[in-house]
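J.: One letter stands for each residue in the lines below.
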Amino acid sequence: EDKVVQSPLSLVVHEGDTVTLNCSYEVTNFRSLLWYKQEKKAPTFLFMLTSSGIEKKSGRLSSILDKKELFSILNITATQTGDSAIYLCAVGGALWGAQKLVFGQGTRLTINP
Amino acid sequence: DTGVSQDPRHKITKRGQNVTFRCDPISEHNRLYWYRQTLGQGPEFLTYFQNEAQLEKSRLLSDRFSAERPKGSFSTLEIQRTEQGDSAMYLCASSPIGAGNQPQHFGDGTRLSIL
Numbered sequence: 001e002d003k004v005v006q007s008p009l010s011l012v013v014h015e016g017d018t019v020t021l022n023c024s025y026e027v028t029n030f031r032s033l034l035w036y037k038q039e040k041k042a043p044t045f046l047f048m049l050t051s052s053g054i055e056k057k058s059g060r061l062s063s064i065l066d067k068k069e070l071f072s073i074l075n076i077t078a079t080q081t082g083d084s085a086i087y088l089c090a091v092g093g094a095l096w097g098a099q100k101l102v103f104g105q106g107t108r109l110t111i112n113p
Numbered sequence: 001d002t003g004v005s006q007d008p009r010h011k012i013t014k015r016g017q018n019v020t021f022r023c024d025p026i027s028e029h030n031r032l033y034w035y036r037q038t039l040g041q042g043p044e045f046l047t048y049f050q051n052e053a054q055l056e057k058s059r060l061l062s063d064r065f066s067a068e069r070p071k072g073s074f075s076t077l078e079i080q081r082t083e084q085g086d087s088a089m090y091l092c093a094s095s096p097i098g099a100g101n102q103p104q105h106f107g108d109g110t111r112l113s114i115l
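Each protein sequence line maps, in turn, to chains A and B. Numbered per our numbering, the first sequence finishes at 113, counting up by one with no gaps. Numbered per our numbering, the second sequence finishes at 115, counting up by one with no gaps.
What the hints contain is simulated information worked out from the structure, not anything from laboratory work. Computed from a predicted model, the values in this text were never measured in an experiment. Yeah, the Cβ is synthetic: ideal placement off N, Cα and C, and Gly gets one too. Any given hint might turn out to be false.
To be verified - Derived pair list, reagent style DSBU-like, types lysine-lysine, alpha-carbon separation capped at 30 Å:
hint : chain 1 : residue 1 : chain 2 : residue 2
1    : B       : Lys57     : A       : Lys67
2    : A       : Lys3      : B       : Lys14
3    : B       : Lys57     : B       : Lys14
4    : B       : Lys71     : A       : Lys3
5    : A       : Lys40     : B       : Lys11
6    : A       : Lys37     : B       : Lys11
7    : B       : Lys71     : A       : Lys41
8    : B       : Lys11     : A       : Lys67
9    : B       : Lys57     : A       : Lys40
10   : A       : Lys37     : B       : Lys57
11   : B       : Lys57     : A       : Lys41
12   : B       : Lys57     : A       : Lys3
To be verified - Computed footprint of chain A on chain B; a stretch qualifies when at least three of its residues, placed anywhere within it, have a C-beta under 8 Å from a C-beta of chain A:
hint : segment
13   : 44-55
14   : 104-112
Said to hold, decoys possible - Facing chain A, according to a computed beta carbon distance under 10 Å, are these residues of chain B, among others:
hint : residue
15   : Val4
16   : Gly40
17   : Gln41
18   : Asn101
Same shape as in the complex, but just chain A (with noise of 0.2 Å):
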């Protein structure tokens, strides 16, 4: 059965500091892992990973997959207190053309000023 774990699933962390967010997988026939951060409202999309060590960037924002080790992580540097949210990591098994999402549990990351 198709499964994304994430890492930690709670996270408080003060204001300016670094946090690594961890997400590992077991998906067949894998098309992409993909980032997304949830407020009170939608998951709004980060960033869609497809190759191994390319790192994908977004201002304080980055991420990395390894396909072989089957993970990813988030990183994000001088945390602000709006980076407050749930982080879910998505993985893309093949459905039809598209992709079916499996989403892992979240991380809780708490920013405090």
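Since the structure of chain A is provided, determine the placement of chain B on it from the hints.
T.: Quick look at chain B alone, frame taken from chain A:
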């Protein structure tokens, strides 16, 4: 560019009632997905449409659940004879058909509470 729109935002109903939710995807997104999210968990896949064709249904989708996308634009998700366990956030997502993988973009969801 409007995002994925879902209606209603909240629905409270008594056990045994039928409920229907609506999703309007991003315009020109051919692919539409429904997910369900319970407290403390990530979203779980329910069903997928490409245009008007429903191509995949999760085994989570019991006989009481039905989804349609009659003209390949908006979609509805109906739950008949609701049960306590149906209380959850129902999320809709859409993506375009394109070369390679395309990320799914989510709506704000419909939160269902069964009394």
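J.: All the hints need checking, so say for each whether the structure fits it.
T.: So, going through the hints one by one against the coordinates:
1. Our distance criterion of 30 Å between C-alpha atoms is met by Lys57/B and Lys67/A, whose separation comes to about 28 Å.
2. At most 30 Å may separate the alpha-carbon atoms for a hinted pair to count; Lys3/A and Lys14/B exceed this at roughly 34 Å.
3. At most 30 Å may separate the alpha-carbon atoms for a hinted pair to count; Lys57/B and Lys14/B meet this at roughly 26 Å.
4. Of the supplied pair hints, the one linking Lys71/B and Lys3/A is violated, its CA atoms being roughly 34 Å apart against a limit of 30 Å.
5. With a C-alpha separation of about 17 Å, the suggested pairing of Lys40/A with Lys11/B holds against the 30 Å cut-off.
6. Restraint check: the Cα-Cα separation between Lys37/A and Lys11/B comes to about 24 Å, which is no more than 30 Å; the hinted pair holds.
7. A threshold of 30 Å between alpha carbons decides the hint, and for Lys71/B with Lys41/A the separation of about 27 Å falls inside it, so the pair holds.
8. Using a Cα cut-off of 30 Å, the hinted pair Lys11/B and Lys67/A is violated, with the two alpha carbons roughly 41 Å apart.
9. Proposed proximity of Lys57/B and Lys40/A is supported: the alpha carbons are some 27 Å apart, at most 30 Å.
10. This hinted pair checks out: Lys37/A and Lys57/B have alpha carbons roughly 26 Å apart, not beyond 30 Å.
11. For the given pair, Lys57/B sits about 24 Å from Lys41/A by alpha-carbon distance, which is consistent with the 30 Å threshold.
12. With a C-alpha separation of about 18 Å, the suggested pairing of Lys57/B with Lys3/A holds against the 30 Å cut-off.
13. With 5 residues carrying a beta carbon less than 8 Å from a beta carbon of chain A, the segment 44-55 of chain B meets the three-residue requirement, and the given coverage holds.
14. Residues of the segment 104-112 of chain B lying with their CB closer than 8 Å to a CB of chain A number 6, which satisfies the three-residue condition for coverage.
15. With its C-beta approaching chain A no nearer than about 7 Å, Val4/B sits inside the 10 Å limit, and its interface hint holds.
16. About 7 Å separates the beta-carbon of Gly40/B from the nearest beta-carbon of chain A, less than 10 Å, and the hint is met.
17. With 10 Å as the threshold, the beta carbon of Gln41/B comes within range of chain A, its nearest partner Cβ sitting at about 6 Å, so the hint holds.
18. Because the closest C-beta pair between Asn101/B and chain A is about 5 Å apart, less than 10 Å, the hint holds.
In this structure, the hints that do not hold are numbers 2, 4 and 8, in rising order.
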